[in-house]
Every structure is written in structure tokens, then in C-alpha cells.
Amino acid sequence: MFNFPILSLLIWIPILVGLFLVISNNLSNKLSEYLTLIITFLVLLLSLSLTNNYDQSLSQLQFIERIEWINGLNIFYYLAADGISVSLILLTAFINFLIAIYASSETYKNKSAYLGYFLILEGLLMGTFTAFDSILFYIFFESLLIPLFLIIGIWGGKNRKYATIKFFLYTLFGSVLMLIAIIYLSTLAGSFAIRDFYLLNLSFEEELFILLAFLIGFGIKIPMWPVHTWLPDAHVEAPTSGSVILASVLLKVGGYGMIRFMLPITTEAGIFLSEYMIYLSLIAIIYISFVAYAQTDMKKLIAYSSVAHMGFVTLGIFLVFHLLGNNLNAAVIGLEGAIIQMISHGLISAALFFCIGIIYKHSKSRLLKDNYGVVTFMPLFSFLMLFFLMANSGLPGTSGFVGEFLVITSALGSNIIIGFLAAISLLLSASYSLKLGKNVLFGENTQNIQGYKECTINEKFVLGVLVIFILYLGLTPDYLFKIIDHTTINLIDSINLGRT
Amino acid sequence: MIFNLLFIPEIILSIGVMIIIVIDLFLQSHKGITFKFIQLLLLLSGYYSINGQVSSIYQSYELSEFLNVIKFILLFGSFIIFHYTYKHLKYLNNLKIEYFTISILGLIGTMIMISANSMLMLYLGIELLSLSLYALIGFNKNSSLSSEAAIKYYVLGAMSSGILLFGISLIYGFTGSIIYSDIAEVINATEMNSVEYFGIIFGIVFITASLCFKFGAAPFHMWVPDIYQGSLVSTTTLLSTLPKIAVFIVFLKLYYIPFISMKSMWSDILLFVGMLSIVIGSIFALTQTNIKRLLAYSAISNIGFIILALGIVSNEGIQASLYYTIVYSLTALASFGIITHITCNSHGIEKISDLSGLSQTHPYYAILILITMLSSAGIPPMIGFHAKLIVITALIDSSYIILSVIVVIMTVISAYYYLKIIKTIYFDSREDLISVYSNDSLILSLNSISLLILGIFPYYLFDLSSYLIGLLFAISF
Chain Y
1 MFNFPILSLL
11 IWIPILVGLF
21 LVISNNLSNK
31 LSEYLTLIIT
41 FLVLLLSLSL
51 TNNYDQSLSQ
61 LQFIERIEWI
71 NGLNIFYYLA
81 ADGISVSLIL
91 LTAFINFLIA
101 IYASSETYKN
111 KSAYLGYFLI
121 LEGLLMGTFT
131 AFDSILFYIF
141 FESLLIPLFL
151 IIGIWGGKNR
161 KYATIKFFLY
171 TLFGSVLMLI
181 AIIYLSTLAG
191 SFAIRDFYLL
201 NLSFEEELFI
211 LLAFLIGFGI
221 KIPMWPVHTW
231 LPDAHVEAPT
241 SGSVILASVL
251 LKVGGYGMIR
261 FMLPITTEAG
271 IFLSEYMIYL
281 SLIAIIYISF
291 VAYAQTDMKK
301 LIAYSSVAHM
311 GFVTLGIFLV
321 FHLLGNNLNA
331 AVIGLEGAII
341 QMISHGLISA
351 ALFFCIGIIY
361 KHSKSRLLKD
371 NYGVVTFMPL
381 FSFLMLFFLM
391 ANSGLPGTSG
401 FVGEFLVITS
411 ALGSNIIIGF
421 LAAISLLLSA
431 SYSLKLGKNV
441 LFGENTQNIQ
451 GYKECTINEK
461 FVLGVLVIFI
471 LYLGLTPDYL
481 FKIIDHTTIN
491 LIDSINLGRT
Chain X
1 MIFNLLFIPE
11 IILSIGVMII
21 IVIDLFLQSH
31 KGITFKFIQL
41 LLLLSGYYSI
51 NGQVSSIYQS
61 YELSEFLNVI
71 KFILLFGSFI
81 IFHYTYKHLK
91 YLNNLKIEYF
101 TISILGLIGT
111 MIMISANSML
121 MLYLGIELLS
131 LSLYALIGFN
141 KNSSLSSEAA
151 IKYYVLGAMS
161 SGILLFGISL
171 IYGFTGSIIY
181 SDIAEVINAT
191 EMNSVEYFGI
201 IFGIVFITAS
211 LCFKFGAAPF
221 HMWVPDIYQG
231 SLVSTTTLLS
241 TLPKIAVFIV
251 FLKLYYIPFI
261 SMKSMWSDIL
271 LFVGMLSIVI
281 GSIFALTQTN
291 IKRLLAYSAI
301 SNIGFIILAL
311 GIVSNEGIQA
321 SLYYTIVYSL
331 TALASFGIIT
341 HITCNSHGIE
351 KISDLSGLSQ
361 THPYYAILIL
371 ITMLSSAGIP
381 PMIGFHAKLI
391 VITALIDSSY
401 IILSVIVVIM
411 TVISAYYYLK
421 IIKTIYFDSR
431 EDLISVYSND
441 SLILSLNSIS
451 LLILGIFPYY
461 LFDLSSYLIG
471 LLFAISF
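These protein sequences, in sequence, are chains Y and X.
Residue 355 in our numbering sits at position 355 of the first sequence; the count goes up by one each step and never skips.
Residue 108 in our numbering sits at position 108 of the second sequence; the count goes up by one each step and never skips.
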């Protein structure tokens, strides 16, 4: 039924067009905007058809493309997709389409290159989510840094040089340790295929070191407390679309890697360390929420809120270790919660960064004290932003609720205190979200700030579509559940079988 | 007549050099024509080297299929270097054909080095190479830095040649031969812990020290930054490619053929030298502001990778070191090549800050530097990543886990200064003039973009290096 290499198309169409846009310097703005819109729309259509053709009743890999790449080293060009990949591909394609719409109404110097880097980023993200050869995965994972580095560095704010280099070195440090773990595993398995690593019988010490390498690599990317400090810097300096793609898709690469590598490969060591990793996640959820509350910069506030929300993702993943053996159902719920939280946070954080970008465009300041009483000038926008803030604090009916609810349920299944602490965060996230809304949207306009204008049609479209999807996933999360259900259950089952 | 056919690439070059000197006398005002002749000479020599004969003369000069390919690589490399050099010298109004004739003599030196099958022939090659390098480094007569560099390299180089000769004489004294294959037999038969055994070890240590000096590996690296900074960029390009390839082949032929049964002795030395070079190259480069000094430290750390891979003593290690050498030479050619193409305020690029804002004035060159620097930093999908990957895989295969962790951490540290160059080009704004004095950048573009293309299709180089290693050991053992 499905004969043409859809995954390769998803990866290489945006990359090639992006390279063309970057190299062709004197392309007119209009032409590059249309080209970007068409390509992102095409990728969105392709990923929708991928989702439709994805057989949800099967748990094995689908759309497999496997060609020998470097035969001397046994490295394959091995692409495939399972439920988790499909859901993240859909998110990537969707967010990139919105970015293309949003960016087409903005002005940037050298716009074709700007849009080109985003297209390259999109293709590389698709590659990261579909690579099933560990070296191929690593290449995509690592190459992600290059376009983002340039996007933040060229089109970023005042302190961008510091932020970009910090971000690059931080993530590079994490990933090179991961590379060693991958190579070590491959020398034992005799191949670089990720699936072959699952079958290895590692000693406990080996597992422990490999787990630590993965934890550092993906923990920096996701990011976990205490290695999260690069994220607020990068967010603050990034241009709006850069922040959007960073928060909504790039952070998910860390969570995806944890599910793909840590859970099945280093199960025993994970069970041994699960308690400590859960503590780290809880610190991220609670402490970072307080940090977010104390911020005076809107973007930093949302950046810290992202760290706190990603704490739920790591909590959901590490709870699996904790629950293996005694409560498999709760483990499945935790993992599904983590995945749904990733998708939902992808939508909500994207929406919030778009909102902040729109406010910043008018007031030229991201500080809370410089932005007051937006509601009098931009009533529709204020309504939408308030909705996103509510979704961010986990309002039932929005997608933000589903993931957090599932993770908290799973936490209660393991330990009442962990569940209680995780649940506290609903309160905390409501407090900082509402603080932002209260100040910026409804605060009294004492300094008599003028110049806010209601959104343009492009911005209305972007925010409106996001509202629809956040509500859709919140009210009927079934669509997403169906995609990921068999994959997660199968994953947990195989991990459990591997232990016994 | 048969004798002639055997040496044909070397003979073409040697006779060609003399003809060029004569031609140049009559064509003083048409240097372009003379240069065309030089290029023709290299092409001709390259053609004959790839189709060369296979034989060995009196056991001391080897002509094998493996060496023919390496010679072709050397000639091909010099073709690119000469192309860059010609434009650079022309721009500096310092175009002298002598520069090329001296370079070709050095090239012949490298060819003798790699073909040598006896210690004395090796010494001859190294001396021919060094003598021409002394002259090339001091070529820029108006610069005091250049003269200082030339004298420094001359004094230190002479000392290292002395050490090499001392090592050779020790080996000769304890084995009774200077021919590689005879030495191998004697060493094989030597008993552990006998007097001869220790004598040979001393000989190997001295030879290693001298070769590491020629390689520019730590702790014999002190000359590298000064000489790179003092000489013309074109000389630096030559210095950082041809001699490195040749010394690498010498390492391969010496250590894996005559000295192979002493591997337990020299493997640790090479691992130590390799690690030290990587650490020193990565850390000392952090504070450099001169781009040539920075690239010099980067070269030291790259050399460290090659020596480290040689020190592993496994099939993967040898292959990794050859692969790394080819990749390193390509990258060095590209990075120095770009510097020869760009000027700032009508002088060559000296400081890193001279490059600031290049992306706004010359976005195409900025992309070329971006690719080159990312490749040097070992960021995928550039070829530099695969080179480092293969070395690290070879390390882990032989269970040097701790070493591989140190190596990757040093890679992260060295990524900082490559990023600093990218930052300067893309994120800093421009204060004064920057210009590119050549519109013809076809070869440079091919050179830089090949780093990306080969990174996406790395198996071509990988197959080439495994084929070459197969050739070397099919004939030698």
C-alpha cells in the first residue's frame, strides 16, 4: 500500500529547500515566504497521510527504510516510525507550519536565510524522531544545534552571543557522553541499531554508567534541574519563532530519547536510581515553579514554566522504573501521560511564546513592568492569551490537563507523597500563569503605554488554530491515545518481559 | 631504461624543477605561463604515480601500489595548495617562481620519505623536506616574524634531525642493518631484556621523539604556533598538510613493519603523546586571538588524534588513523585556503576579529567557513564527525574507555574556539573593510563543500582507507 519512502521525504524535502534558501542570498522576501509556506504545508500533509496510514493496531515499527550506509562500521540508514514518532512528527509539522505563517508577516534582515534555517531544523527534527540507527539518530540530534545556533545568534537579542555559545556547549557536552555510551553498546551488540541494544545483557555496572551518560545527554536537552540554566538564556535571546520551535519541539527530543534509549536499555540501573531521578523531577516541578513566579521577564517566566512542565514528562518516564514489577497499569498510564504532556506542552508553550512575541513587537520590552493593560487595546488577543495561560496551568478541558492528570494518577499509584507533591504544581503553575495574565493583560496602565494594536490576520489564524487543537486534545484525547497506546503498552510489556 | 620507468613521478618533478628555473629566467614578466607549466608538471606526475610501477630498488626504495596512491594524494594536495598560493602571492605582490620550485623540492622530499625502506633514505627525505621548509618559512623577507620563525625552525629542526640520526645509529648498532625488513627480522629474534633489546628501545624512543617533532605533536609542539604565525598563509597551508601526511606514512611504515614486535613498548608512548597533544591543542587554543596560532593549536590536537589512533595497535586503529589523516588534510586545506582568499584592510587575515561581519559582506564565504569550522569541531553531519567517531570507536573497541571520555570532553572544549570563529563571522558587526580578492573560488568551494558532502556520504573515504590499508599489509606481511 505504501511504497514510496515517506519518512525520507519528510526529512529531505525541508532540508534541501532550506539549504537552497540559505544559499540563495538575493531571493525576494515574498518568494521565500511562499516557498516556505508551501513546503511546510506539504510536510504537514505528508505527516497527516503518514498518521492515516499508520496502523494503530500494530505495535511494531512501520514505514521501515533500511539501507546500508557505512558498511565498514555496520551503520545503516534506518528510518522507521512507531506511535511515539508519529505523534511527535505531527507536532513538528504542525508547529513549523504555524511558524511559517507567523514569520511571513514579520520583517527580518535576510529573511530567506531565516526561513531556510527553520526548514532545515524541521527536516532534522523529523530525522531525529524516525532514526532507528543510533549513529543516524546521533547525527540528526547533534545537527539540530547548528541551525538553532545560527537562528538565535544572528536574529537574537542583545546578549545572544553568550546565550548561543552556552547553549551549544551545554548540549554538546551532554551528547558526546551519550555518543560514548552508544559506541560502547554497539561494540557489545555488533551493530548500531537501537533495537539490537534492547536485547543486550548488560552487567549492572555497565548499565549504571550508560544510564548516567544518557541521563546527562537527554537531561540537558529536556532540560532537567539542575542542568536547565541554558534554556532561559537561550529563550530570552531567541527571536519569537526560535523560542517557539525550541520550547515546543526541541525540548521534546530529550524526552523522546529517554523513552527510546533509557527505558528499555538501562532498566535495572533505572530501577536502582529511580527514586533519585523522581526527586530531581519533583524539584524541577516545584522549585522551578517558584523560580518562574519570581521572574520579571515574560519570556523567562514561560521558559521556567517549560522546565517545570518538562518535569512532568521526566516524572512520568521515571515513574515507569518505579512501578515496573508491581503496578504495570500505572506505569503505562505514567508513560502515556508523559507523551501526552509533551505534545500538549508543545502546543501551549508555542502559543504562549507567540503571544509574548506579539506583545514584544508592540511595546519593545519583555519586562512585566513595561507591559500593562493590554486588554484595553487588544481584547481578542487578551482573551486568547488568557486561554493559553489557563491551559498552561492545567485547566480541565484543555490539553494541559490530560497529561498532568495522567502523570499524577500514575504517581499516586506508586506513592501518595509523590502524587501529592506533583499535584501541588497545578496550584503553582496557576499562580505564575495568572500573575502573568493579571499584570500584562489586566494591570492598570499607569505609565499610559500606547501602541498596542490588535493582532494581524496571520496572528489571529495562528492563535486560533492553536486554541482549537488545545481544546480538541483536551476534550477528546482519544485521537492521540489511539496512536500511542499500542506502542507504549508494548514497550512496557517488553521491558517487563526482559527483566524476568 | 627500466630504472627510469620506476621513478617516473619523482624524475618528472626533479627535471621539471630545473627546467622551471631556466624558463623563469626568460619569462620574468609572464609568471602565469610558468605557473601553468608547474601545474602541468604536477598533473603529469600525478598521472604517472597513480599508474606507477611496483618494485623495490636495492631494498631501500619501495614502489608499491599503496605508496602510489599516497603519492597521488600528495600531488593532488600540492596542486590545490599551489593554486591557493599563486593567488595569494600575486595579491601580495610577492610572486616569485622560486617559491614553487622550493615547494616542489619539499614535495620530492615527502615522496622519498614515504617510499624509503631504509633508515638512511628516510633521513634523506626528511632533510630534503626540512631544508625547503626552512627557505619557505623565511620567504617573507620584510617580516621580522618570518625571519624569527625561519631561524627558530632551522635550529630546532636541525636538533631534531640530530636526534633522529642518533636513534638511527642506535638501531643500526644493535641490529646491524638500516633496511626495514632486516631490522624487523633482527628485532623479532631479539630476546626480551637482553642488552640489544634495551638498545633498540632507546633507538625507538629517539626516533619517536624526532618524528613527533616533525609531526608537531606535544610535548614537541613548541615551534608550531610561532612558525604558523610567522610564515605566509600559503606556507602554513603547505606546512599543515604535506609533511603531516608524509610523517604519518613514515609512522605507519616504521612502527607497523620493523618495530611491530616492540609494540608493547611504543604503543604506550604514542597513546601518551596523542592524549597530551589533544589536551594541549584544545586547552591552549582557547585564549588565542591570532587565527593562525589558533589553527596551529587545532592542528596539534588533530595530530593528537592521529597519533592516538596509531597507538591503539589494532586494525580499526590503523584504519582510523589513515581516515583521520585524509580528513584532517582536507579540512586544513579548506580552512587555510579560505584565509588565503580573504583580506582585511588590504593585508592578510591575522586576528580572528578581522573576520567579523563576513556574513554580511560575503555570505558565501561565511558559509564555507561555517562548514569548515563545524567539520573541525566534529559536529555532524560534516566529515570531521565521522573521523572522530571512527577514532573513538577504535578506542572503545580496545577498551580504552577512560581515554575516550577524556577525548570527547576535549572535543567539547575545542568546539568553543571553533564556535568563537563562527560567532565572529555571523554575530559580530563590521567596523572596517573586508575584501575577497578573488572571484574565482571554484576549487575552494569544492574543497569546503566536499567536507559536507563527504560527511553525508562518508563511505567513499571509508572504503578508500580500508582499501589502502589492505594494500599496505597485503604487501608488507
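Where hints are given, some of them may not hold.
Claimed, not checked - Going by beta-carbon spacing under 7 Å, a handful of chain X positions derived as facing chain Y:
no.	residue
1	Glu-191
2	Pro-363
3	Pro-381
4	Thr-393
5	Ile-396
6	Tyr-400
7	Ser-404
8	Val-412
9	Arg-430
10	Ser-466
11	Gly-470
12	Phe-473
Claimed, not checked - Examples of chain Y residues lying across from chain X (beta carbon under 8 Å, computed):
no.	residue
13	Leu-61
14	Phe-63
15	Ile-64
16	Ile-67
17	Asn-74
18	Ile-154
19	Leu-169
20	Leu-172
21	Leu-177
22	Leu-179
Please keep in mind that the hints were generated in silico from the structure rather than gathered at the bench.
All C-beta atoms, glycine included, are put in the ideal place defined by N, C-alpha and C.
Hint-by-hint comparison with the structure:
Because the closest C-beta pair between Glu-191 of chain X and chain Y is about 36 Å apart, greater than 7 Å, the hint is violated. A cut of 7 Å between beta carbons decides the hint on Pro-363 of chain X: the least distance to chain Y is about 5 Å, and the hint holds. Below 7 Å, beta-carbon pairs count as interface contacts, and Pro-381 of chain X has one with chain Y at about 5 Å; its hint therefore holds. With a least beta-carbon distance of about 5 Å to chain Y, the hint placing Thr-393 of chain X at the interface is held under the 7 Å criterion.
The beta carbon of Ile-396 of chain X is positioned within 7 Å of a beta carbon in chain Y (closest approach about 5 Å), and the interface hint is therefore held. A distance limit of 7 Å between C-beta atoms decides the matter here; for Tyr-400 of chain X the minimum to chain Y is near 11 Å, and the interface restraint is violated. For Ser-404 of chain X, the suggested interface contact is upheld, since its CB lies about 6 Å from the closest CB of chain Y, less than 7 Å. About 5 Å separates the beta-carbon of Val-412 of chain X from the nearest beta-carbon of chain Y, less than 7 Å, and the hint is met.
About 14 Å separates the beta-carbon of Arg-430 of chain X from the nearest beta-carbon of chain Y, more than 7 Å, and the hint is not met. For the restraint placing Ser-466 of chain X at the interface with chain Y, the shortest Cβ-Cβ distance is roughly 6 Å, inside the 7 Å limit, so the hint holds. Taken as an interface hint, Gly-470 of chain X does not check out: its beta carbon lies about 11 Å from the nearest beta carbon of chain Y, beyond 7 Å. With 7 Å as the threshold, the beta carbon of Phe-473 of chain X stays out of range of chain Y, its nearest partner Cβ sitting at about 16 Å, so the hint is violated.
Taking 8 Å as the C-beta contact cut-off toward chain X, the hint placing Leu-61 of chain Y at the interface is violated, the least distance being around 23 Å. Taken as an interface hint, Phe-63 of chain Y does not check out: its beta carbon lies about 21 Å from the nearest beta carbon of chain X, beyond 8 Å. Restraint check, Ile-64 of chain Y versus chain X: the minimum CB separation of about 21 Å is more than 8 Å; hint violated. Against a cut-off of 8 Å between C-beta atoms, the interface hint on Ile-67 of chain Y is violated, since the closest Cβ of chain X lies about 11 Å away.
Nearest Cβ of chain X to the Cβ of Asn-74 of chain Y: about 10 Å, over the 8 Å cut. The hint is violated. A least Cβ separation of about 6 Å between Ile-154 of chain Y and chain X falls short of the 8 Å threshold, and the interface hint therefore holds. Checking Leu-169 of chain Y against chain X: minimum C-beta separation of about 6 Å stays under 8 Å; hint holds. The criterion of a C-beta within 8 Å of any C-beta in chain X is met by Leu-172 of chain Y, whose closest approach is roughly 5 Å, and the hint holds.
With a cut of 8 Å, the hint placing Leu-177 of chain Y at the interface with chain X holds, because the nearest CB-to-CB distance is about 7 Å. The interface hint given for Leu-179 of chain Y holds, since its Cβ lies 7 Å from the closest Cβ of chain X, which is under the 8 Å cut-off.
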